[in-house]
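Novice: For reference, the chains in residue letters:
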Amino acid sequence: MSTLEHHKPKYTGKRYRLDKPELLAPAGNLEKLKFAIHYGADAVYIGGQKYGLRSNADNFSFEEMREGVEFAKKYGAKVFVATNIYAHNEDLEGIEEYLRNLYEAGISAIIAADPIIVDTAKRVVPNLEVHLSTQQSTINWQAVQYWKEEGLPRVVLGREASLEEIAEIKKHVDIEIEAFIHGAMCSSYSGRCVLSNHFTDRDSNRGGCCQSCRWKYDLFEDAREQTWISEEEAAEDRVLQQFQLGTTQVPLFAEEDNAFTMGSKDLCMIQNVPDLIDVGVDSFKIEGRMKSIHYVATVVNAYRRAIDAYMADPDNYVLKPEWVEEINKAANRPLNTGFFYDTPDHEDHIYEPEEKAAPYDFAGLVMAYDAETGMATVQQRNHFKPGQEVEFFGPGDTFFKQVVGTLYDEDGSEIDAARHPLQLVKFKVDQPVQYFDMMRKKK
Amino acid sequence: MKADKPELLVPAGSVEEAVSFIKAGADAVLVGEDKYGMRLPGECSLDDIRRIAEFAHAHQAKVYVSINNLVSNELLAELEPYIQGLQEAGADAVQFGDPAVLRAAQKAAPEMALHWNAEMTSTNYATANYWGSKGASRVVAARELNMDEITGMIPNLQIEAEVQVHGITNIYHSKRALVASYMNHQGRPVEGNNLGKDRGLFLIEAERQDEKYPIYEDANGTHIMSSDDICILEDLHLLMEAGVHSFKIESLLKPTAYTIAVIKVYRQAIDAYAADPECYAFQESWMEQIRRLQDPERELSFGFYYKEQVY
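Taken in order, these protein sequences are the chains called A and B. Per this note's numbering, the first sequence starts with residue 1, numbered consecutively. Per this note's numbering, the second sequence starts with residue 1001, numbered consecutively.
One chain only, chain B, in its complex shape (with noise of 0.2 Å):
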């Protein structure tokens, strides 16, 4: 029996990229501007929301759009230009954090999808029910969930899933510019404050010397990320019988090529299993494909879906 097919969701910095994940064969791209959206890969204007949305569309693709980042008080006018300006250009979902989010949607597109993303707050079904009866359509899972608890919130959500399956993960925001700081207090102020994520900072804690956690800052302030990267493709198969609606890929602080070849990888795996369930196996090759671009400084993991977590 076939199976319905899960979305494979990748965010995208530019149309180029958002066309070429999409050749690869992602069903659906993330993208969206900084002022308004958090950790994007790169930043795309409405005309270039435009340019996506019309190649998407003609290739049964979609497009999200992120604006999940903290709101000030400065930024709530513009919302709902933005949002109206988004549903022109063709978007097909807004991703939000903020309830202002929210509302300035339902003002100005009213028929536009949203998806509730509060990162590592979004951990349990109830809450993601409740959003859900404010309006959205979708949770974007927190990644500090593990297999159990994801699987377990599937049955009882009203909404649709999001989970991420590859990729890296933020592990810590600030409004603060903390590298910034940093280099002031040493008397080493950085030319041009140029500290953004192509410069390649990472961090070393004393007694992880094998770990190197990617820290850069934008008008957003400062992002932490993981020093792993997921990899849930062995047991993928267990996130497509619990029945989650759309899988993320995420390709933050990674080249072009490496999602390209990691989308694939996937698309596969997705599509062997819809086509026949029952005989779907993981093939190892597949890891391969993706081992072969990994960065041999960052370790493929599968993140929290098996950790045990105290408290």
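Extracted from the complex, chain A is given alone in its bound form (with noise of 0.2 Å):
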């Protein structure tokens, strides 16, 4: 079992590295981007118009790519793009350009599964790095080999690879190793599972999953006494008779028993960054171009604080409360540690009614602070109302919790409520605040 709330013990591998492992966070807009990257991403990964997985996402453009990366320069930080798509025939022609567009634009690297874009980017584009998607779920280190030999600098494992194979894998190849740390997850090896395909019409492979492994499905058993046909049976028609008359199905499970499902709990591994760090994970990769703003920015500020405190300090080093409560806030599913530290048995699926999504609402963004009057400017997010407790938080260590006093519009007139999306509002807070700062309140 590998949930949460067993104390794990620390792994205790070698440590390969010295430097500091990069944080890579989802960005599925523009504005996921920058707050990504102010939260403190050292990278993003974003999805293009084409050969991405996530075709319901609002892509960026080439445009877009171009005014993501620009911001990212800012920071220091770097924007990938998925291309994690298994080609059909027709998706062939059009890859070059698109890798040129996308080098161009300025992309640090493309995330790529199928070996025919690999091989197309290193041609086309020799010096847009391109790293291994987890879609080829590589999880031993012969075929990591094999990958750096082909010219690619990093490889993201699958899912299943545990701690103590990639402390394997990092002995025998020198190579960026990337690893998902947090978020959702396939409990499929990925790319192997067409159920989409199948329910669905929908090719998952090519960006439209359906999630069809979170739906719920009844367990039976088939009691049929005859389903094996000897060849003699075979050679007389006896045989559609045993069939129909066999056919019995046993249910496995009670009525009053929760449904059979695939669905897993969320990884979530806020609890052992220094074992990720001390087994040499270069790369913390953070699931959910879908997710929202305050997601992304409540799962980044959380574990680029544990990873800064660790480096700075590995011998006095210690998890943080308020980090995993963060974490709590943004929390979609209940969580676990995937396959680092074990295989995922029964604990680690949601069998249960699946709760309401995250307890918090992002209320509102920080667009403005005045110092003398104390006056900050909000913009709204969701509905918000004098005499709410409202949380403050920003990059780093900022946060507190205030009750909101009386509000006032653009103009200075005083409003009842934050009714309207995206509209100033403003109120005194009890604390400094700037612009990215966000506001949360409980649902």
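One thing to keep in mind: the hints can contain errors.
No more than 27 Å apart at the CA atoms, straight line, and that leaves these computed lysine-lysine pairs for DSSO-like [stated by the list, open to error]: (1) B:LYS1264 x B:LYS1023; (2) A:LYS73 x A:LYS122; (3) A:LYS148 x B:LYS1134; (4) B:LYS1134 x A:LYS122; (5) B:LYS1197 x A:LYS216; (6) B:LYS1107 x B:LYS1035; (7) A:LYS171 x B:LYS1107; (8) B:LYS1023 x B:LYS1005; (9) A:LYS171 x B:LYS1134; (10) B:LYS1107 x A:LYS148; (11) A:LYS171 x B:LYS1035; (12) A:LYS74 x A:LYS20; (13) B:LYS1107 x B:LYS1134; (14) A:LYS148 x A:LYS20; (15) A:LYS50 x B:LYS1307; (16) A:LYS216 x B:LYS1307; (17) A:LYS442 x A:LYS34; (18) A:LYS385 x A:LYS428; (19) A:LYS428 x A:LYS443; (20) A:LYS428 x A:LYS441; (21) A:LYS34 x A:LYS216; (22) A:LYS50 x A:LYS34; (23) A:LYS34 x A:LYS428; (24) A:LYS385 x A:LYS443; (25) A:LYS122 x A:LYS442; (26) A:LYS443 x A:LYS329.
Only some residues are given here: those of chain A computed to face chain B with a beta carbon under 8 Å [said to hold, decoys possible]: (27) SER55; (28) ASP58; (29) TYR86; (30) ILE139; (31) GLY191; (32) ASN197; (33) HIS198; (34) ASP201.
Just so you know, the hints here were simulated from the structure itself, not pulled from any lab data. The C-beta atom is built at its ideal place from N, Cα and C for all residues, glycine as well.
Two chains, two separate frames, one set of hints: put the complex together.
Specialist: Encoded structure:
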């Protein structure tokens, strides 16, 4: 079992790297990109208009990519683009042009699964880094070695790789290893699931996944006595009859039981950051290009602080409870530690009816702060009104709670609530805030 | 004018099955062990493979061995000795998905033919040619491709293509023990944890009450299988015209007698086409021979051959 509540023995492998790992965050659009980077991501990954696996996300145009890259540069951060479909014949035309456009937009790396995209990138844009996608489900060091020899500087491992297996891979191959450390997980080997194709005619390996693994199923045992056809029976016409007579399906559940599902709890390694660093993971990847700004900022901020704290003083590192609390405020599902310590078991799947989403709402974004009056200008992101308790937080340890006092609109007129999306409101805050700080409230 | 005959390939779970499949008309059998291979109808040791190869080679048939599971660090050291053993046993080709297997085979048995099978991720001719440039001589096409994609691949391929024409397909593969986990969650752990393919387990989704999706566990995790069986017999001539090199009949989760009957039918169709492509006509009686033995709870379908998929 690998559920968070259980105490985990600290991984005691040798530390292979002394430099800081990269914190890599998802950015579903330009705004999310800016928040992810402002809150501490060293790199973000995004999707373009083609070849990505999130056909429902509002993916980046080349123009938006350029703007994102410009923004990232100011922070010394990088932008990667996911081009991780498994291409069909019809997708092949246009890969070269698309990759050239990515390179010209200033993208630092693509994340590719299909070897033809890897190979085309090497040929057409040799200066664009190629990272092998988790969709390849790479979990052994010789496969990693193969991709290194193919010229790849980085492999994103399959989510099935344990800490021990990662250590083994790092021991044998001098290459950057990226691992998912937080977020939703395929419960299948990535790429090895076509449930969507079968249930809804949507191609999962080209971005059409409809998450059938999270649906509910009934499990039965076929108790037909005669499922084996002998050659003699096959020669006669007794076979069909036997099939029909014997048909019985025995349910392997009682009426009050939860249904069968493949749906997994979400990955969370906030309590285990030192283990990941010690074992040599070079890039800590957070899942969730479809997740909200509030989610991305909160999760990035927590891991940023944990990584910085451990790297600054590994011997006296202490996990701060508020990092875990913060993560829980943004979490959509129960959490676990995936395959890092053990193969997931019955405590790692979500059989119970799913709880409502994250317990907190993103209520407002701080646009400006007047130090003389203590008034903040806040852009409304969810309804809030005087008398409600809210939390302000920003990059690093910026955090305080207060009750919303008198609210004013832009013209200084008093209002009874911030009702309208993106409406600018002003009110007095208890501590200094700044642009990019966020305000959340309990649902 | 006579046409080149495509190969008829069938996975076999034992020496007896392999022999009976070859007698029924299979040109090649696919065998192996769960430790290295994936979703085989049964396990064949090196010694079994030696016996199968002897019989096969005496009957102008071939033996391929599946090493296409997802390879862990632990298995790496065993790959080269295993492949060497396969060569000594007389195997004609090895199926691989992981580049580690490709490398191991090239070291241990440089003459061994290599078939690239990455299951649902072998989806275009250019990637197949990429693996061809690395040493593969055949691609096993994903079952999720349609007829146009398959026939469109052939003229662009520098290597052979193998296509599944009949039987069940895998639709989900996890390393997790999902059935055992579910039973444990209910507080009814399964004695001895026998959740293998002989157990007859299946799933039903709420809105698809007529569809039964077989599910089983083995050393490689949990496998969920299609609720229907592909049968492209009616349009087999399109694949033969296109020049597909190998037709696979999947025998997994089927009684041997059923598979034998299916092999005989496809054998007739292939031979009839090869003898005279112009006069070839699909025979309804062929379908009848399959329908007689078809599990009435499993539809015979065209799989993805004529399905429009979106994303």
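Novice: Hint check: LYS171 (chain A) vs LYS1107 (chain B), CA-CA at most 27 Å. Holds or violated?
Specialist: With a Cα-Cα distance of about 22 Å, the restraint between LYS171 (chain A) and LYS1107 (chain B) holds, given a limit of 27 Å.
Novice: Given the hinted pair LYS73 (chain A) and LYS122 (chain A), is their Cα-Cα distance within 27 Å?
Specialist: holds, 24 Å
Novice: Below or equal to 27 Å on CA atoms is what counts here, so check LYS1107 (chain B) against LYS148 (chain A).
Specialist: holds, 18 Å
Novice: Do the numbers back the hint for ASN197 (chain A), that is, is its least Cβ distance to chain B under 8 Å?
Specialist: holds, 5 Å
Novice: Could you check if GLY191 (chain A) really has its C-beta closer than 8 Å to a C-beta on chain B?
Specialist: holds, 5 Å
Novice: Quick one, are LYS50 (chain A) and LYS1307 (chain B) close enough, alpha carbons at most 27 Å?
Specialist: holds, 22 Å
Novice: Within 27 Å, alpha carbon to alpha carbon, are LYS216 (chain A) and LYS1307 (chain B)?
Specialist: Holds - the C-alpha atoms of LYS1307 (chain B) and LYS216 (chain A) are around 25 Å apart, at most 27 Å.
Novice: LYS148 (chain A) and LYS1134 (chain B) were given as a pair; does the straight-line alpha-carbon distance stay at or below 27 Å?
Specialist: Roughly 15 Å separates the two Cα atoms, so the pair holds.
Novice: Starting from LYS385 (chain A), check that the Cα of LYS443 (chain A) is at most 27 Å away, please.
Specialist: holds, 13 Å
Novice: Taken at face value, is the distance from the CA of LYS428 (chain A) to the CA of LYS385 (chain A) at most 27 Å?
Specialist: holds, 13 Å
Novice: Between the alpha carbons of LYS171 (chain A) and LYS1134 (chain B), is the straight-line distance 27 Å or under?
Specialist: holds, 26 Å
Novice: Does ASP58 (chain A) hold up as a contact with chain B if the rule is Cβ-Cβ below 8 Å?
Specialist: violated, 16 Å
Violation of the numbered hints given earlier is confined to hints 21, 25, 28; the remaining hints are satisfied by the structure.
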